[in-house]
Amino acid sequence: MNINDIVNGILAGDKRMIARSISLIENDENAREAIIGRIYSHGSAKIIGITGPPGVGKSTIIGNLAPMLAKTGKVSILAVDPASPFSGGSILGNRIRMQEALSRYNIYMRSTSNRLYEGGLSEYSWDIIKVMEASGSDYIIVETVGSGQSDLDIMNIADITCVILAPGLGDEIQAVKSGLMEIGNIFIVNKMDREDSYMAIKDIRETLNMSNKADIPVIGLNSLTLENYDRFVKYINDWKYQNKYRRNERKIKQIIMEKIYRIYSEYINNIDSADIENENPYYAAEKIMKNVAGQKFGYLEK
547 MNINDIVNGI LAGDKRMIAR SISLIENDEN AREAIIGRIY SHGSAKIIGI
597 TGPPGVGKST IIGNLAPMLA KTGKVSILAV DPASPFSGGS ILGNRIRMQE
647 ALSRYNIYMR STSNRLYEGG LSEYSWDIIK VMEASGSDYI IVETVGSGQS
697 DLDIMNIADI TCVILAPGLG DEIQAVKSGL MEIGNIFIVN KMDREDSYMA
747 IKDIRETLNM SNKADIPVIG LNSLTLENYD RFVKYINDWK YQNKYRRNER
797 KIKQIIMEKI YRIYSEYINN IDSADIENEN PYYAAEKIMK NVAGQKFGYL
847 EK
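Okay, so the sequence shown: first residue is 547 according to the working numbering, each after it adds one.
Think of the hints as simulated: they come from the structure by calculation, not from any bench.
One or more hints might be untrue.
Okay, derived cross-link-like pairs now, DSSO-like style, lysine-lysine, Cα gap no bigger than 30 Å in a straight line [to be verified]:
| no. | residue 1 | residue 2 |
| --- | --- | --- |
| 1 | K797 | K786 |
| 2 | K748 | K799 |
| 3 | K790 | K617 |
| 4 | K780 | K759 |
| 5 | K797 | K620 |
| 6 | K759 | K786 |
| 7 | K790 | K805 |
| 8 | K833 | K797 |
| 9 | K617 | K561 |
| 10 | K561 | K620 |
| 11 | K759 | K790 |
| 12 | K561 | K797 |
| 13 | K799 | K786 |
| 14 | K786 | K748 |
| 15 | K617 | K786 |
| 16 | K799 | K833 |
| 17 | K620 | K786 |
| 18 | K790 | K780 |
| 19 | K561 | K786 |
| 20 | K561 | K780 |
| 21 | K748 | K759 |
| 22 | K617 | K780 |
| 23 | K620 | K805 |
| 24 | K805 | K833 |
| 25 | K561 | K833 |
| 26 | K620 | K790 |
| 27 | K780 | K748 |
| 28 | K797 | K836 |
| 29 | K759 | K797 |
| 30 | K805 | K836 |
Construct the complete structure from the given sequences, taking the supplied hints into account.
Dropping the structure here:
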């Protein structure tokens with residue numbers, strides 16, 4: 547199977563080719579650059595970030611939200627899972643059940659490991675989103691790992707960031723205040739069937755007021771009765787802000803850092819350990835940067 551077949555399959559919305567391309571993107575640098583180079587200018591989707599601490603019901607909300615969005619456009623889902631083997635089994639089971647349920651609505655869902663990549667996303671989230679976008683998706687829902695305060699990269703990749711919280715978090719709200727509370731465009735309190743749900747909404751609103759963010763909406767959802775999901779969908783559809791500049795700027799920075807690190811690794815591996823111990827680090831760093839400045843990585847010649 548050649549790259550032309552894969553690219554044509556992506557542009558045609560062929561789910562088998564989409565899956566194949568994502569596997570290549572995650573494991574083959576040359577294929578990744580070739581695929582993205584061919585599909586980059588295709589598609590325009592609204593990127594919806596779903597983030598929040600563990601146990602608040604992010605996957606449940608996505609399972610309810612996606613079919614509602616599918617009534618007005620094509621939906622794809624990228625779910626980023628932790629690399630830890632201790633949680634992989636149960637998460638995979640949830641994903642399989644979720645995929646089976648969503649397939650009835652022609653919704654494509656892909657789970658990917660973060661491979662210990664920090665920030666709540668995977669190293670190639672941007673590339674996978676581009677594939678989904680080029681395949682004709684109107685909405686792309688991105689679910690972060692869910693480790694809490696460290697899941698901040700989503701603000702650099704999503705057009706709208708939805709922070710999911712739930713009653714009973716207590717001190718956890720204070721813990722995420724300086725992180726997740728700073729990146730949300732909308733705050734969702736899930737599990738509104740619980741008695742303490744309205745107190746949770748009150749606490750979040752007070753926290754936002756203290757941060758001069760009183761205009762950010764806080765919506766309570768009942769994922770059993772689907773109460774207020776219509777408000778959530780309307781807010782997403784009415785949201786106009788586009789984050790393409792920040793999304794691309796982040797990717798450019800990532801690519802540059804990867805190239806520099808490769809040169810650094812080659813330098814370190816090719817010199818004696820005694821030289822590393824005795825060499826002035828500032829001199830060594832400048833020598834590496836001069837090497838970087840003279841490098842050609844080949845993409846411009848393709």
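Evaluation of the provided hints:
{"no.": "1", "hint": "K797 <-> K786", "result": "holds (22 Å)"}
{"no.": "2", "hint": "K748 <-> K799", "result": "violated (39 Å)"}
{"no.": "3", "hint": "K790 <-> K617", "result": "holds (25 Å)"}
{"no.": "4", "hint": "K780 <-> K759", "result": "holds (20 Å)"}
{"no.": "5", "hint": "K797 <-> K620", "result": "holds (25 Å)"}
{"no.": "6", "hint": "K759 <-> K786", "result": "holds (18 Å)"}
{"no.": "7", "hint": "K790 <-> K805", "result": "holds (23 Å)"}
{"no.": "8", "hint": "K833 <-> K797", "result": "holds (26 Å)"}
{"no.": "9", "hint": "K617 <-> K561", "result": "holds (19 Å)"}
{"no.": "10", "hint": "K561 <-> K620", "result": "holds (13 Å)"}
{"no.": "11", "hint": "K759 <-> K790", "result": "holds (23 Å)"}
{"no.": "12", "hint": "K561 <-> K797", "result": "holds (25 Å)"}
{"no.": "13", "hint": "K799 <-> K786", "result": "holds (26 Å)"}
{"no.": "14", "hint": "K786 <-> K748", "result": "holds (27 Å)"}
{"no.": "15", "hint": "K617 <-> K786", "result": "holds (19 Å)"}
{"no.": "16", "hint": "K799 <-> K833", "result": "holds (21 Å)"}
{"no.": "17", "hint": "K620 <-> K786", "result": "holds (18 Å)"}
{"no.": "18", "hint": "K790 <-> K780", "result": "holds (22 Å)"}
{"no.": "19", "hint": "K561 <-> K786", "result": "holds (29 Å)"}
{"no.": "20", "hint": "K561 <-> K780", "result": "holds (28 Å)"}
{"no.": "21", "hint": "K748 <-> K759", "result": "holds (14 Å)"}
{"no.": "22", "hint": "K617 <-> K780", "result": "holds (13 Å)"}
{"no.": "23", "hint": "K620 <-> K805", "result": "violated (35 Å)"}
{"no.": "24", "hint": "K805 <-> K833", "result": "holds (15 Å)"}
{"no.": "25", "hint": "K561 <-> K833", "result": "violated (47 Å)"}
{"no.": "26", "hint": "K620 <-> K790", "result": "holds (19 Å)"}
{"no.": "27", "hint": "K780 <-> K748", "result": "holds (22 Å)"}
{"no.": "28", "hint": "K797 <-> K836", "result": "holds (23 Å)"}
{"no.": "29", "hint": "K759 <-> K797", "result": "holds (29 Å)"}
{"no.": "30", "hint": "K805 <-> K836", "result": "holds (13 Å)"}
Hints 2, 23 and 25 from the list above are not met by this structure, while the remaining hints are.
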